[in-house]
Amino acid sequence: MAAWVVGSMLAMSGCLMQVLLRNPLADPYVLGVSGGAAFATLIGMVIGVAVNFLPWLAILGALVSILIVFGLARGTGPWSGTRLLLTGVVTASGWAALISLVLSLSPDNSLRGMLFWLMGDLSYAVLPLWSLAVLGGSFILTLGLARSLNVLAMGETTARLLGEPTRQMLWLVYLLASVLTATAVSIAGSIGFVGLIVPHLMRLLVGSDHRILIPAATLFGGLFLVLSDTLARTILSPQQLPVGVITALLGVPLFLLLLNRARLKGV
Amino acid sequence: MTDLVCQSLYVSIAGKKVCSKLDLKLAPAQSWGMLGPNGIGKTTLLKCMAGLSEPDSGSVLLENQSISKLPRRTVARLLGMLQQHTVYIFDASVLETAMTGRHPHLGHWEREGALDKQKSLDAIRAVDLEGFESRSVTGLSGGESRRLAFASLIVQEPAILLLDEPTNHLDMKHQIRIMNQVGEQVANMQRSAMIALHDVNLAARYCSHILMLFGNGDWQAGPAEELLNRENLERLYQCPVESVLTSTGKRFLPGGQS
Chain A
1 MAAWVVGSML AMSGCLMQVL LRNPLADPYV LGVSGGAAFA TLIGMVIGVA
51 VNFLPWLAIL GALVSILIVF GLARGTGPWS GTRLLLTGVV TASGWAALIS
101 LVLSLSPDNS LRGMLFWLMG DLSYAVLPLW SLAVLGGSFI LTLGLARSLN
151 VLAMGETTAR LLGEPTRQML WLVYLLASVL TATAVSIAGS IGFVGLIVPH
201 LMRLLVGSDH RILIPAATLF GGLFLVLSDT LARTILSPQQ LPVGVITALL
251 GVPLFLLLLN RARLKGV
Chain B
268 MTDLVCQSLY VSIAGKKVCS KLDLKLAPAQ SWGMLGPNGI GKTTLLKCMA
318 GLSEPDSGSV LLENQSISKL PRRTVARLLG MLQQHTVYIF DASVLETAMT
368 GRHPHLGHWE REGALDKQKS LDAIRAVDLE GFESRSVTGL SGGESRRLAF
418 ASLIVQEPAI LLLDEPTNHL DMKHQIRIMN QVGEQVANMQ RSAMIALHDV
468 NLAARYCSHI LMLFGNGDWQ AGPAEELLNR ENLERLYQCP VESVLTSTGK
518 RFLPGGQS
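Just so you know, the sequences run in chain order A and B.
If you read the first sequence in the working numbering, its first letter stands for residue 1, the second for the next number, and so on.
If you read the second sequence in the working numbering, its first letter stands for residue 268, the second for the next number, and so on.
In isolation and in its complexed conformation, chain A is listed as follows (with noise of 0.2 Å):
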């Protein structure tokens, strides 16, 4: 169940920040959320806090590092998604290198967990009632804006003449695809290339269209990572993997099978 919510919530994600950057290429780690709740959780595993409360570090640690960007790359000039990717890609990289830090710092026998950790675990995993809400939540919203979200994928300038309050929406979706992130990292690590290649699965086997890409995404994200969760624990049994491997171990051939066979038949 841990599983399916966050592979859901990431996927979601990834289709926002994909709109939001106009870049196939964003997932929901680019712009730092996942490495401000990586430092925070990191810090409290040093520091020796109790397992119960590490979510709620990697929360405050998210929320720290959305604030970072969102405060930077705000201005008062008109929406700039390059700016936004500078600031988010910069700060990510802001907390690599405090995370790097951390665990050359860090003593040897707590080294195994905290990169379990940062791979993605959800062996530990317990999934808190209000992030059902979130997912929920975000997932309505999300459709009630599908249609906006298409427009938006065609460029600031179109979106506007069609109607669009560009720079408000374009806040919504950060802000969203934040959060989701950030309550998908608290609870499993940052897992990857879930964000990344669902989407485009998606939008390779179901088209553009976010008012059926977005359930689809969420519907096979969960699934997903469903599937390398349990492949994760039986694998090397009873010795457990990270699911992130297996995640990535998978992905990468199915995404580029697909987009091979895609290219193909001549699209």
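Note that these hints are calculated values from the structure, not bench results.
Incorrect hints may have been included.
Subject to a maximum C-alpha distance of 20 Å in a straight line, what follows is the list of computed DMTMM-like cross-link-like pairs (lysine to aspartate or glutamate) [claimed, not checked]:
1) B:Lys336 <-> A:Glu156
2) B:Lys440 <-> B:Glu451
3) B:Lys288 <-> B:Asp323
4) B:Lys384 <-> B:Asp395
5) B:Lys292 <-> B:Glu493
6) B:Lys384 <-> A:Asp209
Got chain A; can you put chain B on it based on the hints?
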């Protein structure tokens, strides 16, 4: 009926004056040709008229209200603009893209109905893209993308059409076809159009009024037959111009020694 009015409009770009104290009324059944040399600010002025950017001073009024104060959705139901460049990044079908013109007319949870679809199919036929409905927009040629963008604009059904070089990338047949479409929209449906053009002869053939941008903020506006003459065009383009009389009226050619 919807008017677009420019009131003592000052617009500039990168410190260069595009127009100063421009007073102009775009009334139903008028089609205006906007003429001026490259880089004089035609696109900038069109964007300002569409409410996409703010003028330095003065105002653009749509139905007697300042366009910058109206919600974008209200504006989009009354005014549409064909941008100078059409680039499609994300994959979508031709029909889906034409149908985006319905966006300002539909509520959040509303889906396009049979009528919306019919309008889109009609527009696709009108721009000669019939048979392309399920093709992907990312595979269209420059001219086809252009015609599709124009189809979306017809589907949007705005009373005021702003067109930024609608004929670029188009061959002669499709230039005529698109301009005829604009003409029909204006004449039959009491709409109005402002068309930035480089082809003086298309303007002479299709436009009832002309706005000339000379640079340095100077402009001239009025009925086409008054403004389109050798002296004005030579001043506008800074090159010798010859005028010839054809069966459909006066046309203009670059003059001078070759």
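The hints, checked one at a time:
1. As the CA atoms of B:Lys336 and A:Glu156 are separated by approximately 19 Å, the hinted pair is consistent with the 20 Å bound.
2. The suggested pairing of B:Lys440 with B:Glu451 holds, with an alpha-carbon distance near 16 Å, which does not exceed 20 Å.
3. For the given pair, B:Lys288 sits about 11 Å from B:Asp323 by alpha-carbon distance, which is consistent with the 20 Å threshold.
4. With a CA separation close to 17 Å, the supplied pair B:Lys384 and B:Asp395 stays within the 20 Å bound.
5. Distance restraint check for B:Lys292 and B:Glu493: the Cα-Cα separation of roughly 17 Å lies within the 20 Å cut-off, and the hinted pair is therefore satisfied.
6. Using a Cα cut-off of 20 Å, the hinted pair B:Lys384 and A:Asp209 holds, with the two alpha carbons roughly 15 Å apart.
Of the numbered hints listed earlier, not one is contradicted by the structure.
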